[in-house]
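Trainee: If you want the building blocks of each chain, they are given just below.
Protein chains: 2
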Amino acid sequence: MSNPTIDQLYQDLISGDRSALSRSITLIESKSDKHIASAGELLNRCLNTSGNSIRIGITGSPGVGKSTFINAFGHYLIQQHNKRVAVLAIDPSSTLTGGSILGDKTRMADLASSEHAFVRPSPSGGDLGGVAAGTRESILLCEAAGFDVILIETVGVGQSEIAVYDMVDLFLLLIQPGSGDDLQGIKRGIMEMADVIVVNKSDGSLESNAKETAGFYAQAVGFIHPQRPNWKIDVQRVSSVTGEGLEKLWQTMVRFEDGQQQNGDWQANRSRQNQRWFQYHLEQELLRRIRTSEHVKNQASEMEKPVEMGEVHPLMAARKVADDFFNRG
Amino acid sequence: MSNPTIDQLYQDLISGDRSALSRSITLIESKSDKHIASAGELLNRCLNTSGNSIRIGITGSPGVGKSTFINAFGHYLIQQHNKRVAVLAIDPSSTLTGGSILGDKTRMADLASSEHAFVRPSPSGGDLGGVAAGTRESILLCEAAGFDVILIETVGVGQSEIAVYDMVDLFLLLIQPGSGDDLQGIKRGIMEMADVIVVNKSDGSLESNAKETAGFYAQAVGFIHPQRPNWKIDVQRVSSVTGEGLEKLWQTMVRFEDGQQQNGDWQANRSRQNQRWFQYHLEQELLRRIRTSEHVKNQASEMEKPVEMGEVHPLMAARKVADDFFNRG
Chain A
136 MSNPTIDQLY QDLISGDRSA LSRSITLIES KSDKHIASAG ELLNRCLNTS
186 GNSIRIGITG SPGVGKSTFI NAFGHYLIQQ HNKRVAVLAI DPSSTLTGGS
236 ILGDKTRMAD LASSEHAFVR PSPSGGDLGG VAAGTRESIL LCEAAGFDVI
286 LIETVGVGQS EIAVYDMVDL FLLLIQPGSG DDLQGIKRGI MEMADVIVVN
336 KSDGSLESNA KETAGFYAQA VGFIHPQRPN WKIDVQRVSS VTGEGLEKLW
386 QTMVRFEDGQ QQNGDWQANR SRQNQRWFQY HLEQELLRRI RTSEHVKNQA
436 SEMEKPVEMG EVHPLMAARK VADDFFNRG
Chain B
136 MSNPTIDQLY QDLISGDRSA LSRSITLIES KSDKHIASAG ELLNRCLNTS
186 GNSIRIGITG SPGVGKSTFI NAFGHYLIQQ HNKRVAVLAI DPSSTLTGGS
236 ILGDKTRMAD LASSEHAFVR PSPSGGDLGG VAAGTRESIL LCEAAGFDVI
286 LIETVGVGQS EIAVYDMVDL FLLLIQPGSG DDLQGIKRGI MEMADVIVVN
336 KSDGSLESNA KETAGFYAQA VGFIHPQRPN WKIDVQRVSS VTGEGLEKLW
386 QTMVRFEDGQ QQNGDWQANR SRQNQRWFQY HLEQELLRRI RTSEHVKNQA
436 SEMEKPVEMG EVHPLMAARK VADDFFNRG
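Heads up: the sequence lines are chains A and B, in that order. As numbered in my numbering, residues 136 to 464 make up the first sequence, in order. As numbered in my numbering, residues 136 to 464 make up the second sequence, in order.
Bound-form chain A, shown alone (with noise of 0.2 Å):
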């Protein structure tokens, strides 16, 4: 059953329209039954255009310069590699008001002038598991519509680097110049994530203290046990006011991307991501009908006064409706 809308937006989409691509990931984030149907078509439509991309996480904490880099390395792609690159943001800590007071998204407004570059700010998520939901499928909107360096920037900090890592090709984790004592705010397990570790502001008066911090890092990488068999973490310097160090970051990503496509590990890594990605999929789907259920609704209600009254565990009362809702009938 074809949607002449959708079909509409499909021709404009791979035609590399910007602004279909902003309806079409408007779309799939949308909550309402008729959007979800639509976008799930769009989605299908768009398996044979996609994946022709490499797709980087970059995370680091607050005040890393995230937008700073991001901004100066996709011009670099644009100008020098004749990119198209695209820009998604996840930050989990918007999601109660939107975005911090003062919103860093508008360093980023100088790369998304250009009409080489895409830009699209957090998404709506809202519950727990949400983070990435629509992050996921916005790449594969991206990948449609021609963009082939996908940036998705998260904070540094909690579950979301997770999310990321488990939807890109390449992590890349983004510090700055300071003393060892910074360790103590990068946990271990983003570092184990991390492909390429890259200090910032490799410039000026922070440039001695950078290659400092790059040379701390190089030896601490030697303690920590890399997620990917093949590859060996780099640990690199960029200044994104200069431009330095951005050119041998590129060549590192080719040179990533060659050597995973070769050995095979690149295609694993996806499969094993789409993998994942039904499974979170499954997950929210079966959730989402549970929660819409008659039956489970009545069933919940009927307990709800004794737990607020604190008469029965809340624990104890969800396993009886749910005993209910497998022995029914």
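Every clue listed holds true.
Residues from chain B that face chain A, not an exhaustive set, calculated with beta carbons under 10 Å: (1) H416; (2) S428; (3) A452.
None of these hints come from the bench; they were simulated from the model. None of these values were measured; they are calculated from a predicted model. Quick reminder that beta carbons are idealized off the backbone N, C-alpha and C, glycines included.
Guided by the hints, dock chain B onto chain A, whose structure is given.
Mentor: Showing chain B alone in chain A's frame:
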């Protein structure tokens, strides 16, 4: 049906035995079916012996000195007010490898050695939804064991704040002396959740800086909408080294509890939390049973290959399996 092991555990628990408390928490964290049943029995027993504590959530960015503050505040409450203090920690970023390189739990070893304190590091969360799974139940167990101040620590970014906010009576945001730029690292949503904002490290050369920061935040909170109708966000300074400010902080907490108890907000908040706790458990229980149902397992395994090959979008595959489950028979 009474279980003699659980009988004994419960008796030991309400006698205040810390080792019984440890074992009880381990029991409720267990994922084995046998333990899940015993855990439920234990929790139901604890309903009558729980609830008589002040539950305090503590958050703040890495490096702000949470552990040092909790250590100092815990000792103060034990020594000056004869309290029994339990500390529970939620750290979603530690799920991959179990913590930071320089694990900061050792800083609380001092408090943990007091016989009037109980310190329990991160529960083994794992999945996205499970960050706080065992912690709510652990609060009840700590209360049954006679602990009357429960401190629940979490890191300053991400979904874990919302989870903790939803299980405490009072939410405390710890910040460090610094320029207004620091606001960038603290999301507006977190500030809105705070009942008390505490500037830590107000001592030595940082004291004047701390005063300035406190003044800055006192102004900033004027611009945000607090979550509780009858409480104005309070900004204070403490030194975890000299102990200055701890007395005033505790008095503020007592004033908060008295006021909320009198106007009914205290109980209303806990009732709402119980309801959401029930909803959470209900979804988890149903999901657990559906996931392990043979029907879903078979359907899902049929979809795995086409998903892996990129022939079907994971979302579409998930919807098909969910449709089959809910429309069967």
